[in-house]
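Line order of the protein sequences matches chains P and X. Here the first sequence is numbered in the numbering used here, starting from 1 and rising by one per residue. Here the second sequence is numbered in the numbering used here, starting from 405 and rising by one per residue.
Derived from the structure by calculation, the hints contain no laboratory data. Glycine is no exception: its CB is placed at the ideal position from the N, C-alpha and C atoms. Treat the hints with care, since some could be wrong.
[Stated by the list, open to error] Listed below are the simulated DMTMM-like cross-link pairs for lysine to aspartate or glutamate, each with C-alpha atoms no more than 20 Å apart in a straight line:
no.	chain 1	residue 1	chain 2	residue 2
1	X	534	P	204
2	X	515	X	576
3	X	522	X	583
4	P	9	X	509
5	P	9	X	491
6	X	531	X	518
7	X	510	X	530
8	X	534	P	18
9	X	532	P	207
10	X	522	X	567
11	P	19	P	204
12	X	538	P	207
13	X	534	P	297
14	P	19	X	530
15	P	19	X	535
16	X	538	P	204
[To be verified] Chain P side only, calculated, beta carbon under 8 Å to chain X, not exhaustive:
no.	residue
17	3
18	6
19	10
20	14
21	208
22	209
23	210
24	212
25	213
26	214
27	215
28	216
29	217
30	218
31	219
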Amino acid sequence: MGKTWQIIKHEYTRHVREKQFLFSLLSLPGLILAMVLLFFIISLVMGDRTPIGYVDYAGVLDDPQPLEHEGTFFEPQVEFISFSSQDEAQSALDEEIIQAFYIIPETYPDSLNVELVFFDQPAGSHQSQFAQFVRKNLGMFDGLDPLVQERLQDTSFITVSNLERTRRMAQDEWIMNFMPFIAGIIFIIVVLTSGGYLLQAVVEEKENRTMEIVITSVTPNQLMTGKIIGNIGVGLTQLVIWLIFIWIALLLGGLFWPALQDISIPADFILVMVVVMIPAFVMIAAIMSAIGSTMTEMQEAQQISGMFSLLVTIPFYLVTPIINNPNGVLARVLSYFPFSAPVTLLLRMGFIEIPLGELAISVGVLIAFGVLAIWFAGRVFHMGMLRYGKKLTFKEIFRKKVQI
Amino acid sequence: MSTIITNNITKRFGNTLAVDQLSFDVQPGEIFGLLGPNGAGKTTSIRMILDIFKPDSGEISVLGGPMTDEKKNRIGYLPEERGLYQDIPLHRCLTFLATLKGMPEKSIGPKLTEYLKKFDLYEARDKKVKELSKGMQQKSQLIATLLHEPELLIIDEPFSALDPVNTEMVKEILVQQRDEGKAIIMSTHQMNQVEELCDRILLINHGHQVLYGTLEEIQDQFASRDVLVSPRSALPSTIKGVTEIREKNGRYLLALEDDIEPHQVLTDLVKNGIEMSAFEVAVPPLNQIFIQVVRKQARDEDG
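So here's chain P without its partners, still in its complex pose (with noise of 0.2 Å):
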């Protein structure tokens, strides 16, 4: 164990204490802030809090009752003012003390018409505020209990849930459903990280000619797993410490943003995710190992992982049909396949419970493909980890008897 923890703690270091390595780590909190710092400038620009005005001839808001809820940091509550006039009001819109003004005519509570009267647009949500002002004061609701006033208030949401009401759809809660692309997504950079930092160590043992000490001083065996746990554990170092980061961004976002304090991620999610996850893992790291062996030079390498790089992000290409029918045949058929199995798995239970005999199939078979890495890629190396020139043929690791 102790050379191979001097291998694991050397793979380990040299690319964590990389500059290259600070970069990626801060590339993706840095694109939160980024677009967190964007919503702020959005909704800091977008969000108009002058007072809206509203001219009421029905009589429906004489005495009005103001709405009871303040309004979030996006969505801030607007104050409504209330003009004899529309000579008045409109004036006031003119001197830019209110941004809008609602004519509400005599003949309202037959025709439910009201008229808006602006320069630019007010924002949606203000609309929709005096829309819930108006239903509040019209005393449709009187003599309701004051709970089920408020709800009635609120009007319709539609919420899609499946049978067990394990996962849901609903319009206050989309950032759930974003939850498996951004899961996704983690995935796929920390395993391309992870196998690429591998690939590098691999060939560049070779490109050095380092290899031909380090197999005098150490097994094959005590080599690949140093360099495989080596090369996780940078990959894994990451992901901590974004998924660190994104919990903070959650913390503080949720201060904003009261929905972010809703995100709850299902247990079986997590377990599905570290189940699929480890396996697949491996077998990348298997894979890119044994390219490493069979190149002789970086370029080239990269070329090839890129290929195997493009079948992990196939899921994402085919989200639409995917997300349309988790339970298709397509979806189906991606799950069972090792390559795009862990991505398709993690968009597939955003929205369905997967049968429990589907995912021990795709279980099993990305341990099988693990497995079979592990052995494709030793085979490879022992034949390839001497040869500088000549890059390994695919006839000749097939054809040959393995000679050590």
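Put chain X on the given structure of chain P with help from the hints.
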């Protein structure tokens, strides 16, 4: 106990016979020259000793038996293809390679400092390996080979890229290691270094043994019937038993008749009152033996 014993080792790669029934041994306290033209099978033999390749047939005993993981720690190897991790500082690279040889991290520091100072690399210890010159990298590689104090050293072309001063220092280190009882296998094409350093040599060509023995034995085998004389006064135009006299840089090469021994010529010269500062049997340089043997083999194979 021999440090290395190979017994009829053979290795094929496809249709190519890389090493053919090779047997030799290496003793503690000797520098053993493994020589041969390019592609003769030297590197393959070394890789079999190091257990990178397994021989198709034959046995190898290293440090008293088959290779084990523990024994790898007792071997220092300077491969023909040099290599160090380019993107990390020199001291970290050498420390890592020493830990792979089983050295505890704590004990590496002082020893490494000592070697870095000896090889004039101490100032460069924090530089990335890729920033070092070729000669500096070569010296660093030698440190990696020696740092863990191996009992067996296998070094391939140890003097390439070294200036005369560093060449001399490396030679001193090798002699010192030998005097400490280490076994050293040295593969090189620089025959003058072999003559100067090696106790015994093995010359291989096309994978099989051509010459094997002490340097003296081999040179004796190829010794011509010539003597070299450095006279203080003029030599007579004819000397008894000498067929030809040739002058070269103030020294005279005397070709002897078939039934005449060098000591008979010496006695004759002394009797004739010729004063000499040197009288020696002409030994063919190893370089010449090497070329002669390899060319002869090529001719034999063609013929």
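**Report entry** Numbers of unmet hints, in rising order
**Finding:** Those not satisfied: there are none.
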